[in-house]
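Participant: Okay, here's what each chain looks like letter by letter:
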Amino acid sequence: MKIDRLEKLVGRKLEIDELEYDLQWIGLDLEDINREEQILKVEYNPNRPDYSSPEGIARTLKGYYETELGAPTFDLQKSEIVVTVDPSVKKVRPYIVCGIVRNIDLDEEEVATLMSIQEHLHWAVGRDRKKVAIGVHDLDKVKPPYRYTAVKPDSISFIPLHGDGYAMNLEEILLLHEKGIEYAKILEGKEVYPIIFDSVGEVLSFPPIINGILTTVTDETKNLFLDLTGTDLNAVNLALNILSTTLSDMGAKIETVEVKYEGGENLITPNLDLNEWEIEIDYINSYLGLNLTKAEIIKCFQKVRLDAKESKKQGYLDVYIPAFRGDIMHSVDLTEEVAIGYGYFNIPKSIREGCIGMYHPIQTFSNKTRTIMIGAGYLEVLNFILTSSEKLYDFMRQEYEESDLIQIANPVSKEYNTTRTSLLPNLLETIRFNRSEEKPIRIFEVGDVVLLSKEEETGAKREIHLSAASYHEDADFTEIRSTLDFVMMALGKFNEYEIKAENNPSYLNGRYGEIYIKNVKIGEIGEIHPEVLLNFKLEFPVAALELNLQKIM
Amino acid sequence: MTIKLKKQVIEILIVLKKKKTEQLASLFAKELSIDYIVAMAAINDLIDHDLGGFREEEINQISLNEEGRNYLENGLPENQLLKLMRESNVKEINMEELLVKSKLDNQIFYVGLSNMRKNCWITQSQATGENKIFLIAEEFPETDVEKFIKTFKANPTRVYSKLSKNEQVQFNLLNRRKLFTKEKKTQRYIFLTNKGKSIKISNIEELEQVSKITSEMLSSGTWKKYNLKPFDVTKPGPLLKAGKTHPLINLINKIREVFISMGFTEIRGPIVESAFFNFDALFQPQDHPARELQDTFYLNNPKVARLPDRDRVLAVKATHENGGDSGSLGWRYKWDENTAKQTVLRTHTTSTTMRRLAQFYKDNDKTPIKVFCIDRVFRNENLDKSHLAEFTQIEGIVIDENVNLSNLIGLLSEFYRKIGFKKIVTRPGFFPYTEPSMEVAVYYDKLGEWLEMGGSGIFRPEVTSPWGIKDPTRVLAWGQGLERIAMPYYGRKDIRDLYINPIKWLRQQPY
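Protein chains in written order, with my numbering: chain A, 1 to 553; chain B, 1001 to 1511.
Chain A with its partners taken away, still in its complex shape (with noise of 0.2 Å):
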């Protein structure tokens, strides 16, 4: 966005650095300042598809430096063309809107802005042309009326844009065409394709893929039509309003088109009529906690470039919103215009007191546990949930099913393919990491395991768990038996606890037991099994503990 060209537009001096301060305030984010050629890159709103060009926002910086003030106006003249909308495209892809620009006379950086905003409305309207798609025509090069309706797919050939300039069925289109292979997901499974024919029977567009070459835009052409087709009649009308006024604004005359949709109901498109909304005076105070006046809050509203009246209702206002604002579906979203309107910076802080805080007791007991862990002399570390079960498993010698796992149905890596079920591996993975510093290296975590579990709703369970190893020449049995048994003494459990005498495949035989409370086990425990410390690469032994917190607290 170039300054100089917002100047124009807004029709005021206007300086890089009060741009940047004064963006904020409209709720635009600065991606990127270019101080020596004067650029603006601004961070794409989602909620505000309309700002996607200079234009778009220069009718708010006009209401915020308060040079033009209320509900844009835009001039709309009626035209005599004709959309037909056959029925058969209901199982396709059932609305379509159009409109007329007549006169244009664009020059590089409109035309700039007219592709990067189609880009955005596609996506961000359109969800990537599935709800949305957009065709601009030159109007002068096929006849009106226009007809838009549904054909099987091998029916009907025409010349595509971008193309090799071959005629091509519609299938050949989907398989073979740049744009065709790209969009081809959003016909999947459909009998007909939707396909706009002039009066003569020329193909405008294959929507939502492709123009015909005979509708192309070029320097020469100075009047558009405009097609807007999908899945939501709401979209592609907000798509349509935001392309024409964005038009409209350029300097283009706009002309609406009859849409009759057979056995249903006609439209006059683009539909630019200001949008009412009733809105109570003491909600937007008593949300925002403002004491403003009726007068005061209407200024608001036309500074974000609104209309407000006073209601008939007493105490309400009635809210006249533009045709290319989507984002308004309750009371709260015009309050928060009234907020920006207002300035988030006049909004006065206050406090509300009240409440009573308590810590989670699971958080309180692993605190315990790590103030114990660092009696011990063990340093903590943090790893992640995500883990592969190779490390899991197969490094630990562990025989294990695919259904026994949390599987990500579309991981980064291999590397994250499933959340850990216990901690160990990730601190043996920490060891091998730090293997060159000074051994022993004592360390410990205090962290979530996920399980599969049927009683649960989502299917699966978190627990917190102890783990810790101790990693140097003499590391053994003896030494994090010692620290178990000092865990077990200050978590009060001393008494309580026994060790069985079993095998696991990631300990040694004859060095490794299970802990039980009661005769429910609550961890494991022993020297840990050359091959697994050689699929760490690991060179020293460790001997290490796992307990599950959650059975003991």
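Simulated from the structure, these hints should not be mistaken for lab results. Please note that the accuracy of each hint is not assured.
Said to hold, decoys possible - Pairs of lysine-lysine, DSS-like flavour, derived with a Cα cap of 27 Å:
hint, chain 1, residue 1, chain 2, residue 2
1, A, Lys461, A, Lys368
2, B, Lys1185, B, Lys1162
3, B, Lys1244, A, Lys551
4, B, Lys1385, A, Lys414
5, A, Lys349, A, Lys391
6, B, Lys1418, A, Lys349
7, A, Lys368, B, Lys1418
8, B, Lys1197, B, Lys1006
9, A, Lys91, B, Lys1317
10, B, Lys1334, A, Lys185
11, B, Lys1504, A, Lys391
12, B, Lys1504, A, Lys368
13, B, Lys1317, A, Lys130
14, A, Lys141, A, Lys41
15, B, Lys1334, A, Lys190
16, A, Lys368, B, Lys1317
17, A, Lys91, B, Lys1165
18, B, Lys1385, A, Lys41
19, B, Lys1446, B, Lys1422
20, B, Lys1334, A, Lys260
21, B, Lys1303, A, Lys185
22, A, Lys454, B, Lys1341
23, B, Lys1470, A, Lys349
24, B, Lys1019, B, Lys1195
25, A, Lys414, B, Lys1341
26, A, Lys461, B, Lys1030
27, A, Lys537, B, Lys1244
28, A, Lys391, B, Lys1385
29, B, Lys1504, A, Lys537
30, A, Lys90, B, Lys1334
31, B, Lys1504, A, Lys439
32, B, Lys1303, A, Lys414
33, B, Lys1017, B, Lys1200
34, B, Lys1317, A, Lys90
35, A, Lys349, B, Lys1195
36, B, Lys1185, B, Lys1030
37, B, Lys1165, B, Lys1184
Said to hold, decoys possible - Distance ranges between label pairs, derived from CB positions:
hint, chain 1, residue 1, chain 2, residue 2, range
38, B, Glu1381, A, Asn34, 22 to 32 Å
39, A, Glu473, B, Lys1083, 57 to 67 Å
40, B, Asp1445, A, Ile181, 52 to 62 Å
Note that beta-carbon positions come from the ideal geometry of N, C-alpha and C, so glycine has one too.
Chain A is fixed; fit chain B onto it per the hints.
Facilitator: Coordinates of chain B only, in the frame set by chain A:
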């Protein structure tokens, strides 16, 4: 006054008294089988009592270089050539032939030849047309240079000033042939002063010095007569491999304390979450980009979650389709229950907050309620220096009647002030489930920078009304990534550092 000396110093004094003359310190130490340093320390003790001293002498030490050592082993080139001729029992030989036989380097061969001439062992003649060497001497006694070089067998280093006149001549001859290395060194000679020579050992008292006090010394009272060896207190001690909590845990606990001090209660919720609580209950439309695969981890196992009570599910469905009874237009599309049953790794702790709202409805709770959560969340991101697939989120909410945006700004100011940021700014922002929404930035004195913290706002009525929370009861909420505070706080530039546990950093990082 009696003189007190350590036992070892007294022993050294006795030896020195017997020696009468000054002693080379290094030799003396060797003789007594003690360290040179110990010997010199003892002399220093003697100096303290004016009993002894030392003087330094600079010497030129000479030793054979590599070439010289080679000749020491195999003989000088002239001797090698002589040996060759005598062994083959010839009186005359062609020079070229000798050169080849000798296997000597050209230059060295000629040096050898010239010395043979100097020693009057040979003569050379070209009378026959070829360059011939004739052995002319009858006997070949050991030369002086030979004798000299051989002295280095027993003593690899010798002192130049200690050489005899003749040896000095030989040295200079050989030195011209570049067979030596010379080194300047300082030697110390130790001696006794007159006082040292005359003092009677019986007049000296033994001083006992120890490096630590033993239990026996304490109980017997003998500690009084010991002198504790002083340490260099300026030097750092060896590394203590002790335990300590992780910096992130310290920060989490600090923030938990701030929440508690402001009356908030800590909550905890599932990591494996239903799309219902993670997205739908937050009024995120089912085609919202944030729900897509590239942003969210979906699970194949467990694949589906159970939804809460039917009437609540229908209430959420209604807000999406037509606003339900929230006063909203809704998103106006057909809401799909199966999509809501998908399981995900929660993308924010707000799913846990939503469960608290569900509980609020179920228990028919009374306002005000303040809860917070600091816990792990997951996003489908590639790891780089500013992104993690798993991180820690901080979140707080207030449910109360007539709470408003002004209260929220006050709450945020107080919260961040307690964490340590005095200046805060709140600006318009957009978040799908709050309205009005605010972005929060704080000023960090230490860096002199504004830092983006996170989002905040009042939960949309579409989010709260299915759980019976209706105007004028509202929900204030704010949240952010813990790492956004942790990185500047701990001076890290790479977010991954916080979860890879470099032990060195963990040990050094202050609380």
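Participant: All hints, please: hold or fail.
Facilitator: Tested hints:
| no. | hint | result |
| --- | --- | --- |
| 1 | Lys461/A to Lys368/A | holds, 22 Å |
| 2 | Lys1185/B to Lys1162/B | holds, 14 Å |
| 3 | Lys1244/B to Lys551/A | holds, 25 Å |
| 4 | Lys1385/B to Lys414/A | holds, 20 Å |
| 5 | Lys349/A to Lys391/A | violated, 51 Å |
| 6 | Lys1418/B to Lys349/A | holds, 16 Å |
| 7 | Lys368/A to Lys1418/B | holds, 24 Å |
| 8 | Lys1197/B to Lys1006/B | holds, 18 Å |
| 9 | Lys91/A to Lys1317/B | holds, 24 Å |
| 10 | Lys1334/B to Lys185/A | holds, 20 Å |
| 11 | Lys1504/B to Lys391/A | holds, 24 Å |
| 12 | Lys1504/B to Lys368/A | holds, 24 Å |
| 13 | Lys1317/B to Lys130/A | holds, 22 Å |
| 14 | Lys141/A to Lys41/A | violated, 36 Å |
| 15 | Lys1334/B to Lys190/A | holds, 19 Å |
| 16 | Lys368/A to Lys1317/B | violated, 43 Å |
| 17 | Lys91/A to Lys1165/B | violated, 121 Å |
| 18 | Lys1385/B to Lys41/A | holds, 23 Å |
| 19 | Lys1446/B to Lys1422/B | holds, 12 Å |
| 20 | Lys1334/B to Lys260/A | holds, 25 Å |
| 21 | Lys1303/B to Lys185/A | holds, 24 Å |
| 22 | Lys454/A to Lys1341/B | holds, 15 Å |
| 23 | Lys1470/B to Lys349/A | holds, 24 Å |
| 24 | Lys1019/B to Lys1195/B | holds, 15 Å |
| 25 | Lys414/A to Lys1341/B | holds, 26 Å |
| 26 | Lys461/A to Lys1030/B | violated, 74 Å |
| 27 | Lys537/A to Lys1244/B | holds, 26 Å |
| 28 | Lys391/A to Lys1385/B | holds, 24 Å |
| 29 | Lys1504/B to Lys537/A | holds, 20 Å |
| 30 | Lys90/A to Lys1334/B | holds, 16 Å |
| 31 | Lys1504/B to Lys439/A | holds, 12 Å |
| 32 | Lys1303/B to Lys414/A | holds, 19 Å |
| 33 | Lys1017/B to Lys1200/B | holds, 10 Å |
| 34 | Lys1317/B to Lys90/A | holds, 24 Å |
| 35 | Lys349/A to Lys1195/B | violated, 88 Å |
| 36 | Lys1185/B to Lys1030/B | holds, 18 Å |
| 37 | Lys1165/B to Lys1184/B | holds, 20 Å |
| 38 | Glu1381/B to Asn34/A: 22 to 32 Å | holds, 28 Å |
| 39 | Glu473/A to Lys1083/B: 57 to 67 Å | holds, 58 Å |
| 40 | Asp1445/B to Ile181/A: 52 to 62 Å | holds, 54 Å |
When held up to the earlier numbered hints, the structure conflicts with 5, 14, 16, 17, 26, 35 and fits the remainder.
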